[in-house]
Amino acid sequence: MAQEQDESKRHEVEAPRWTEEQIKRRRQRNLAIAWALAGFIVLFFVVTIVKLGGNVANRPI
Amino acid sequence: MLRSGSPRPERLERPASKDLQERSVDFMSDTAISNERTQALPDGGMGSARDFFELLKPRVMSLVIFTALVGIVVAPGDIHPVIGFTALLCIAVGAGASGALNMWYDADIDAHMTRTVKRPIPAGRVTPSEAAAFGATLSVFSVMTMGVLVNWVAAALLAFTIFFYVAVYTVWLKRRTPQNIVIGGAAGAFPPMIGWAAVTGTVTLESAVLFLIIFMWTPPHFWALALRSSDDYKNAGVPMLPVVAGDKATRRQIMIYSALLVPVTLLPGFLGFAGPLYMGVTAVLGAGFLWLAFSLWRKEPGAAQEKAAMRLFGYSILYLFLIFSLLLVEKIFGLDALPAGALVPGM
Chain W
44 MAQEQDESKR
54 HEVEAPRWTE
64 EQIKRRRQRN
74 LAIAWALAGF
84 IVLFFVVTIV
94 KLGGNVANRP
104 I
Chain Y
9 MLRSGSPRPE
19 RLERPASKDL
29 QERSVDFMSD
39 TAISNERTQA
49 LPDGGMGSAR
59 DFFELLKPRV
69 MSLVIFTALV
79 GIVVAPGDIH
89 PVIGFTALLC
99 IAVGAGASGA
109 LNMWYDADID
119 AHMTRTVKRP
129 IPAGRVTPSE
139 AAAFGATLSV
149 FSVMTMGVLV
159 NWVAAALLAF
169 TIFFYVAVYT
179 VWLKRRTPQN
189 IVIGGAAGAF
199 PPMIGWAAVT
209 GTVTLESAVL
219 FLIIFMWTPP
229 HFWALALRSS
239 DDYKNAGVPM
249 LPVVAGDKAT
259 RRQIMIYSAL
269 LVPVTLLPGF
279 LGFAGPLYMG
289 VTAVLGAGFL
299 WLAFSLWRKE
309 PGAAQEKAAM
319 RLFGYSILYL
329 FLIFSLLLVE
339 KIFGLDALPA
349 GALVPGM
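Here the protein sequences line up with chains W and Y, keeping their order.
Note that my numbering numbers the first sequence so that position 50 is 93, with each residue one more than the last.
Note that my numbering numbers the second sequence so that position 203 is 211, with each residue one more than the last.
Chain Y on its own, in the form it takes in the complex (with noise of 0.2 Å):
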């Protein structure tokens, strides 16, 4: 919850109904409209195909696309190469979408945060109503292709995946408790089910597994991320843990779940789709992550504080990008199983 006195903006004036009542004013006032005037204050149509390009997100989509072809590769079974780069185009699309959606919900807070002040719609280059109608099309669009296309399973949980991120994450928690990313995380945790879906046609344990592995960096990773912009998150009343709970709180919590992810990051090899290979270079990456995460929890609020957290959330993305690599790397060439007895000894 928030704390009493912490600010919370109003939710900004949409800049096209506004535009919309200065005309009914001057029609009222029965004042002709200037030239000058429409020009100045276009009710929608200055975006760009850039600016709507940007609503999608790129920089999280990569993401999403790569742990999606991790799913979609290590999954059992074969795809056709067309099949699963439709699969891939339907999870980029959609991932998309929820992020044009929620740049729509957010466009009052993201006006209050540096971060993400240049956003289209609080910049005013695409209207909250454009940016609502290209999200919501897109989220159509990708699930029923996704469905005629690939199967329903896979469609189905993506738009699940949407919906928890607009609907779950961006209006229920996001405003509403310092819990929003570690439950709203699962949203960026789906991609590589869906894609694993888009190959078998269900949901396993496998499978769990690589949600499992993003739901809980998630945290650990938005943290570090928060601690430095906890005043930006202050500024536009979003109850971040740093802004409710404090820095040392939010050290220790980043601690606790980077213990409990360096184990998770583990089962791919007990249950038999990762090799020696996955297991080795993991079990360093996780000592490393968990080096950084001690190193952060032991530090005071200040320039170091913000240097280790800084530190854990560039090493948490190579860290996830390099544990998914190696997933992919094993299978391409065969290497995802480890020898017989090589975990429980005797076998």
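The shape of chain W in the complex, shown without the other chains (with noise of 0.2 Å):
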């Protein structure tokens, strides 16, 4: 009996558990990240609004 419950232990693989320093890191870049891409989208507008000027009302109505 004990040498089954020491057998399906062997077996068993634990998930990677993140240590608090990992979960920080990871926090960080995932706001760089969000971060980076607001910005991206925050860019593509005011170029668009720059670029189309004052034809961004020439439009019919």
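What the hints contain is simulated information worked out from the structure, not anything from laboratory work.
Idealized CB from N, CA, C, for every residue including glycine.
Be a bit skeptical, because a hint or two may be false.
Said to hold, decoys possible - Computed far set for chain Y versus chain W, every beta-carbon distance over 12 Å:
#	residue
1	G53
2	V90
3	V211
Said to hold, decoys possible - DSS-like cross-link-like pairs, simulated, lysine-lysine; straight-line CA separation at most 30 Å:
#	chain 1	residue 1	chain 2	residue 2
4	Y	K182	Y	K307
5	W	K67	Y	K126
6	W	K67	Y	K65
7	Y	K65	Y	K182
8	Y	K256	Y	K339
9	W	K94	Y	K339
10	Y	K315	Y	K242
11	Y	K242	Y	K256
Fit chain to chain and form the complex, with the hints in mind.
Structure representation (structure tokens):
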């Protein structure tokens, strides 16, 4: 019985557990990516408005 | 070429793949992976945002941003400030991306040099595959954004610059020839030309002169540093000029390139996009550069040579910064043209 338990334990593979430091760094990276993507969207929006210029209002109503 | 017997380190085993190999051995031997084991050797995910920022080589990037800004401002024609800012951002990110790809490929030699051993990959904070993915993603984003939002000529130049730095300099030349930084230096010389192209949509003789100034400046600047770090390069197996040809030949080459650089820095005046302030101050600065290069040339290997080399290295940074600052200041204050007949008497 004890031998069976040992055998089943041997086959257990625990999922990697992140340390506090790793979780903190992952959060930092995620925030940096979020800010970069937000900046990218804002940049495309602003440049689109700049390129359209006055034509932004020139559309049939 | 490397001298016979020069040490050439084997490429380091990639931490990620090493980890995977060990894991697969563990599975094959039917042994459970302990929680402690997985925590001790994480497969990436250890780098902080600061580590990834460091992959962009921010110090190199600052010079790239400055010279590109000068290219944008000095170029004839107008550019909307938002478009100009976008071009500058794309150039900065593209330069940073090529820096990350350079660190990915050179991680093995970086681990052998005191100057580079603390970089994120050799220090084990970022895995090579993370750096490669980061660099490749930013390269594509910077080029495509430049093309869509600014123009495709500037985007093509930016793509070529990244290709040149990574493929031509890092992969091909750096480990093979002492002329690595002469030819590879072109990559660092492109930013003002890209900035110019962002405004004009074309490549002109004037922008080629800005390119040429940095191109001729790179060898004496880099070789002055290499004179001091030649042992490092030797240990890493990088055939820098002092390692392959010796200190004396390097000092002579520095003198030759300095003598070629100074006349090139005066070309903007002859081409009509620099004024008397630029010409006067640049001539004086050039004389200083030549004097420091000459002083170094006369030195023998040892402490005096190292001191002279570091003096030239420090001065070279200030020199390039001041030359490009002068172009910027003259353009902003409308002083960027010589009086008629100033260069050719009788005109």
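Checklist entry - Among all the numbered hints in the text so far, which are the ones the structure does not match? => result The structure conflicts with hints 1, 2, 8, although it agrees with all the remaining ones.
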